Amino acid sequence: MTTPEVTLLPEAAQEPRTLNSLMRGATRWESGLVVLFVISLIYGWWVSPYFLNTETFFFAGLNFGEIAIMALPMTLIIITGEIDLSVASMLGLSASTLGYLFMHGWNIWPAMGICLLVGIVGGALNGFLVTRLGLPSIAVTIGTLTLYRGIALIVLGSNTAVGFPAWTQKLSLPIGSTHIAYDFAIFVVLALIFGVVLHMTPVGRSIYAIGLQPETAYFSGIRVKRIKFGLYVISGFLCAFAGILYTFQQASSASDTGVGLELNVVAIALFGGVSIFGGRGTIFGVFVSVAIFASLQSSLTAINVSGQAQSIVTGCLLLLSVLIPNISESVTRVRTLLRRRTSEAS
Amino acid sequence: MSVIEQPVTTPPAGASLVTKILRFRELAIVVAIVLVFVLTYFKNSSFASTASIQQMLSGPSIIIMLAVGETLVIVTRNVDLSVGSVLGLSAYLVGDLFVHYPHLPVVVALLAGLLIGLACGVVNGVIVAYARVPALVVTLGMLYIIRGIDAIVVNGVQIQPSQIPQSFVNLGAGSIIGIPTLFWIAAAAVALVGYVMRTFRPARELYAIGSNPEAAVLAGVRVPRRVFSAFAISGALAGLGGALWLAEFATVASTAGSGYELNVVAAVVVGGVAIFGGSGTVLGAALGALLLNTIDQALVASRVSSFWNQAVAGLLLLVAIAFDRYVSLRAEKILRVEGAHRDNA
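Residue numbers (the numbering used here), protein chains in the order written: chain A, 8 to 353; chain S, 243 to 587.
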């Protein structure tokens, strides 16, 4: 699927780096996202005078924190050309495990440790099945999506665990006297780490290389399997972590915690400009994508659009995110073709 | 398409072997179903009662309908994640039709469901096949859009059983010679589509597309048109499934069928349809759905807590994928050895 892009590359390199490169910068997906984010802010301010205040910012950060955290490892996994659909089930399993252990008299700290361990084991199972057995990740993670949710059901059944220590409720309040949600702060720190790793380290370059051409990457000495395995483990770990955060914010945990969130996470990553075929995408894009989704959700909630009806917007954005680059790509192709024709004629 | 002459070739020796393995694949599911059935029967003899068996057949019928359409799409190396939401929308709209026209004939209601689904499938198909964008993203987007439209249309007002005419409810609850009507309909869909997929050229081209899209183009297959049809049919079957959902449950909220998409894909994959296209049968997918449902009921009958259902289903899915991988690796090996023998001869 990536071959057409590869053949396009030398052509692009030959173009003079003047106005054209500026134009390409302006037509990058991420630039469009920033513009869209500004538009969504203006829209929010237009529909509700209370939109542009710190409260909205806080609640948006609180509501989107877990999804945003899970979107980071998802981004890296999709860039390598794989997918992880088990993220929301992992979050649910972690929340259920925490609830179960706490109900059975465990201290909260070791219980949290066990949850993170569960996340690592779950991620390792995904990674093992995908890299060592060579199974298609979409099928494997639909399987583990069902399996992990199933284990969550076995662990907690229809019980709801409540009564977590008082300090945990602080996590649903702003940090100190600021208006920043803990979730949001954690997401920003993680996004910075992921951004640096993806864009500035050899590992990050390897991740792109794997997504563009796994065989070429393998023959260039990149440890394809080890990197993919590592990404699944990180994904499991962070989803378990998000599960703990989610539990503390809701002050309760049940086995159906976070059902169906996996598709939201995938949607955010794809809207952020991550190519489903791998090899393309940036953390910045995903970051802005999170901001747009959060801002739109706040403004639509402000005008009393129900959560379910809001999904129309999500869907349309997702469709546009694949249609627009596609259209612009065909426009570029036609233009280069025309240019070549005219140069041949002259 | 039939104008193009296909040179008649004798199938290579390996082909029969591959078919054997594929047939073996469906046999494996049948054996699994029988095994589950017998083991559960020893634990709880009422598992073989008429009511229990009827439930075993009618329970997965709607998923089977959806799995048939999903198979067509997955065989072409695409995926349709919108089936669950199409089912929900169609179920509600057909119900709404009954609210306004209580004396609507059953056939018209089924047809209406089919057409609603077809419309959704056509949108999917146009975007995927002609705009050439990845199906996973498109159908994920459509899943959200249709679910949102559903929420707006429903607007908190559910369809109540009293609003559905008895003749239509009979379709969901009734049976013909002891076998649930729903299962007859699902079986008819499997038989019809299964036969078409084996026999006719356009359907065989779906497999060609899934095996190697570039080669299919070079071989003169009109890829966009075929992929479009696969999505349209998948949508239509999901819409029909929605009408049947209404017949079975007689009550519809805006969450009807949510999360079904992954169940359907799971059934199809358990049924031996390769997730990257090119192989698998409609019958296999239907058997996959039947197996998953039978296991669900077996757990209930053997008084295992129903909380275990999902974990077992997930485990089974993983085993099925691993098994397929093993079989295909072996088949490849055998083919290579046979090819070597032929070359030597």
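Derived by calculation from the structure, the hints in this document are not laboratory data. Here the structure is a predicted model, which is why all the values come from computation and not from measurement. Ideal Cβ positions, reconstructed from N, Cα and C, are used throughout, including at glycine. Some clues are possibly wrong.
What the hints assert, rightly or not - Facing chain A, from chain S, some residues (calculated, C-beta under 7 Å):
| hint | residue |
| --- | --- |
| 1 | V272 |
| 2 | V276 |
| 3 | V278 |
| 4 | G383 |
| 5 | G390 |
| 6 | V507 |
Said to hold, decoys possible - Computed, partial: chain S to chain A, Cβ under 10 Å:
| hint | residue |
| --- | --- |
| 7 | A373 |
| 8 | P376 |
| 9 | R440 |
Claimed, not checked - Cβ-Cβ distance ranges computed for the label pairs, FRET-style:
| hint | chain 1 | residue 1 | chain 2 | residue 2 | range |
| --- | --- | --- | --- | --- | --- |
| 10 | A | A192 | S | L357 | 28 to 34 Å |
| 11 | S | S404 | A | S179 | 53 to 59 Å |
| 12 | S | S404 | A | R139 | 42 to 48 Å |
| 13 | A | M207 | S | V368 | 55 to 61 Å |
| 14 | S | H342 | A | N333 | 53 to 59 Å |
Under 10 Å, Cβ to Cβ, is where R440 of chain S needs to be relative to chain A, so tell me if that hint holds or is violated. violated (24 Å)
How about V278 of chain S: closest beta carbon in chain A under 7 Å, or not? At 17 Å from the nearest chain A Cβ, V278 of chain S fails the 7 Å test, so the hint is violated.
Within 42 to 48 Å: is that where the Cβ-Cβ distance between S404 of chain S and R139 of chain A falls? violated (56 Å)
Once the shortest beta carbon distance from A373 of chain S to chain A is found, is it less than 10 Å? holds (6 Å)
Using the nearest Cβ pair, does V272 of chain S come within less than 7 Å of chain A? Nearest chain A Cβ about 21 Å off; hint violated.
Looking only at beta-carbon atoms, does the pair H342 of chain S, N333 of chain A fall within the given range of 53 to 59 Å? violated (40 Å)
Under the criterion of a CB-CB separation shorter than 7 Å, is G390 of chain S in contact with chain A as hinted? This interface hint holds because 3 Å falls under the 7 Å limit.
Evaluation of the interface hint that places V276 of chain S against chain A, nearest CB under 7 Å: violated (23 Å)
Tell me if the beta carbons of M207 of chain A and V368 of chain S are separated by a distance inside 55 to 61 Å. violated (41 Å)
Mind checking the CB of G383 of chain S against every CB in chain A and telling me if the closest is under 7 Å? holds (4 Å)
Against chain A, is V507 of chain S within 7 Å by beta-carbon distance? holds (6 Å)
Falls inside 28 to 34 Å, the C-beta gap from A192 of chain A to L357 of chain S? violated (51 Å)
Violated hints, listed in ascending order, are 1, 2, 3, 9, 10, 11, 12, 13 and 14; each of the other numbered hints is respected by the structure.
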